[in-house]
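Those sequence lines, one after another, are chains A and B. Residue 4 in our numbering sits at position 4 of the first sequence, and the numbers go up by one each step. Residue 1220 in our numbering sits at position 220 of the second sequence, and the numbers go up by one each step.
Don't read these hints as lab results, they were simulated from the structure. Mixed in with the good hints, there may be bad ones.
Mimicking SDA-like on lysine to any residue, the simulated pairs with C-alpha atoms at most 20 angstroms apart in a straight line are [to be verified]:
{"hint": "1", "chain 1": "B", "residue 1": "Lys-1148", "chain 2": "A", "residue 2": "Tyr-42"}
{"hint": "2", "chain 1": "B", "residue 1": "Lys-1148", "chain 2": "A", "residue 2": "Asp-32"}
{"hint": "3", "chain 1": "B", "residue 1": "Lys-1148", "chain 2": "A", "residue 2": "Gly-12"}
{"hint": "4", "chain 1": "B", "residue 1": "Lys-1148", "chain 2": "A", "residue 2": "Thr-134"}
{"hint": "5", "chain 1": "B", "residue 1": "Lys-1063", "chain 2": "A", "residue 2": "Ala-145"}
{"hint": "6", "chain 1": "B", "residue 1": "Lys-1063", "chain 2": "A", "residue 2": "Thr-134"}
{"hint": "7", "chain 1": "B", "residue 1": "Lys-1242", "chain 2": "B", "residue 2": "Pro-1186"}
{"hint": "8", "chain 1": "B", "residue 1": "Lys-1213", "chain 2": "B", "residue 2": "Ser-1184"}
{"hint": "9", "chain 1": "B", "residue 1": "Lys-1148", "chain 2": "A", "residue 2": "Gln-24"}
{"hint": "10", "chain 1": "B", "residue 1": "Lys-1148", "chain 2": "A", "residue 2": "Ile-23"}
{"hint": "11", "chain 1": "B", "residue 1": "Lys-1213", "chain 2": "B", "residue 2": "Gly-1104"}
{"hint": "12", "chain 1": "B", "residue 1": "Lys-1148", "chain 2": "A", "residue 2": "Asn-268"}
{"hint": "13", "chain 1": "B", "residue 1": "Lys-1213", "chain 2": "B", "residue 2": "Pro-1186"}
{"hint": "14", "chain 1": "B", "residue 1": "Lys-1148", "chain 2": "B", "residue 2": "Arg-1240"}
{"hint": "15", "chain 1": "B", "residue 1": "Lys-1063", "chain 2": "A", "residue 2": "Pro-133"}
{"hint": "16", "chain 1": "A", "residue 1": "Lys-56", "chain 2": "A", "residue 2": "Pro-243"}
{"hint": "17", "chain 1": "B", "residue 1": "Lys-1148", "chain 2": "B", "residue 2": "His-1159"}
{"hint": "18", "chain 1": "B", "residue 1": "Lys-1242", "chain 2": "A", "residue 2": "Gly-265"}
Where chain A lies over chain B, by a calculated footprint (3+ residues, C-beta under 8 angstroms) [what the hints assert, rightly or not]:
{"hint": "19", "segment": "1127–1137"}
{"hint": "20", "segment": "1166–1179"}
Glycine included, each C-beta is placed from N, C-alpha and C at the ideal position.
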Amino acid sequence: MFVASFLVLPVGLYLWLVIMPFIQAFQISLTDWSGYTTGFNYIGFDNFINMWDDPKQWVIPGFTHTGIILLVLPVIVIAMALFFAFMLNVGGRSQGGVSGVRGAGFYKIVYFFPQVLATAIIAIVWAQIYKPPTTGGLLASALEAVGLPYPENGFMGSTSLVLPGIIAVMVWSSVGFYLVYFSSAMAAIPQDIYEAARIDGASRTKTFFQITLPLLWESVQTAWIYLGIIALDGFVLVFMMTPSQGGPNHSSEVIGGAIYKFAFGSGNDAGMASAIGVVLFLAVLILTVVSLRVTRRERIEF
Amino acid sequence: MTTAQLPPKTEKATPSRKPADDQESGKVLNVFSHGFLILWAAMVILPVVWVMINSFRASGDIKSDPFGIPLEAHWENFAGAWVEANLGQYFLNTVIVLLMSVTGTMLLGAMAAYVLARYDFPGNRFFFMMFVAGMMFPVFLALFPLYKTMDNVGLKDTHVGLAIVYIAYSLPFTVFFLTAFFRSLPNGVAEAAMIDGAGHYRLFWQVMLPMAKPGLISITIFNVIGQWNQFLLPLVLMNRNKDGQVLSVGLASLTSEAGKQVDTGVLFAGMALAMLPVLIAYILFQRQIQAGMTAGALK
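Only chain A is shown next, with the shape it has when bound in the complex (with noise of 0.2 angstroms):
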């Protein structure tokens, strides 16, 4: 009875709202509904089938972009994150004790700051920095003051720049919050393993390459998984920043930004917003099963 009691409520509500409709966008994907009829017919995997040459080109070039993301801010992430937390914790001095540099704890007040704005404020923010001169954009103007190149349209106008300039976003955000992360893990090493290192004569680079790196590699397998999750999700800086929401000229398709289109924006067809969400899913699965796969190495005790 108090069991039943305690779960009837979390239980009902994360089976209507969550579950529920995770099963329906499974079935809504066989169909041809636009979701604005009240009919609609199963045409099997046809969805599955058309999103490959669709006309709009929100599919193709949303599935590739988040991909490039995917492969690109993980990596950035994870070794900007990296170097700082190792400089902040341990790159203080080459002999002696071991310690960070002076004011790591203001280095990571700062750092951190980003991760605590909404994604919406940090959109709004980098717009206007990347903004043409002409309207006032921070980093052309900049640019254009001291003589170098900088894109007439501002850095969203430019189909070059767009895709760099959303990842640097991204990038920029999200740093602190693993610098923070592998700082913790970091404290967890013990001090004497570095002090040996030291004494050894092992120069940073080397004390970070054979000791912080091993010792630290479980979180970052889990930072890998947690920053694959925020590169599918970054439609919000997309839909926000970008013209047209994914261009100019679909150079910054997403592919959750497909889905949103499809099902809210002028795609008109839940069926087929649907189904790009099934592939998602299922994307999402394998990656997550197969990074988990290749990285596995033996759990280092200490």
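Go by the hints and put chain B onto chain A.
Below, chain B without anything else, positioned relative to chain A:
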């Protein structure tokens, strides 16, 4: 003081390398890495400072000279953002939704996690796995059916509806995290309370919840920030109720097509207003927030 000090399981830390050589490279590395640390700190701080400064400037000034400092404070930017651009209303809406959703998430999450962690009953493992599985689903997949569900029961475009959805989507992680936490609590105290005549409900409210306080605080911070950050759910589920919109989407509408006429100075004031409470809360509680979010997100 030799290699013998190394615990046997670590990789070999090769000795060698002349110390003088090392010091030299150490210095170069020092300058380089300090430079990089300072550069990144500036990259984080500058945009925030830039927003704060420009929030006091007139629209035309910002466009003609984005680096300038305000010659006179244009306080009307803030009034414009708060009243005319409706940010005051959006802010209030966000607070209303969060009050409901965070309370609900914590209450339902703690209840479910508690029985899953400390009671043996058929289906225990099944329910736990069901919640955990929810962490893997991309929200995008459920967005359209969710929209239809909320529409059918008339909760679309309402604050209560939005709060309920936030709760449902925050449950997987909250339950996962708190189950681990409740499991770690000592059994002795619970047994003692039972012997003293406390019922199951009393045990939960008066003994277990207070004991779980550190875990509850972590996950509350995590949920507050996560739900304050929500963009996609309110964008879709509040799209017909413009006045009831939350802050993140409301701000976005300032920059979208419909809001093109919005004054740049007002936009900056709006950004500053949206950032300020977060910035202050962060500076005051940065230690707890960092701990709460890293513990919350990556357990």
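TODO: Taking the numbered hints from earlier one at a time, note which ones the structure violates and give those numbers from smallest to largest.
DONE: Structure breaks hints 4, 7.
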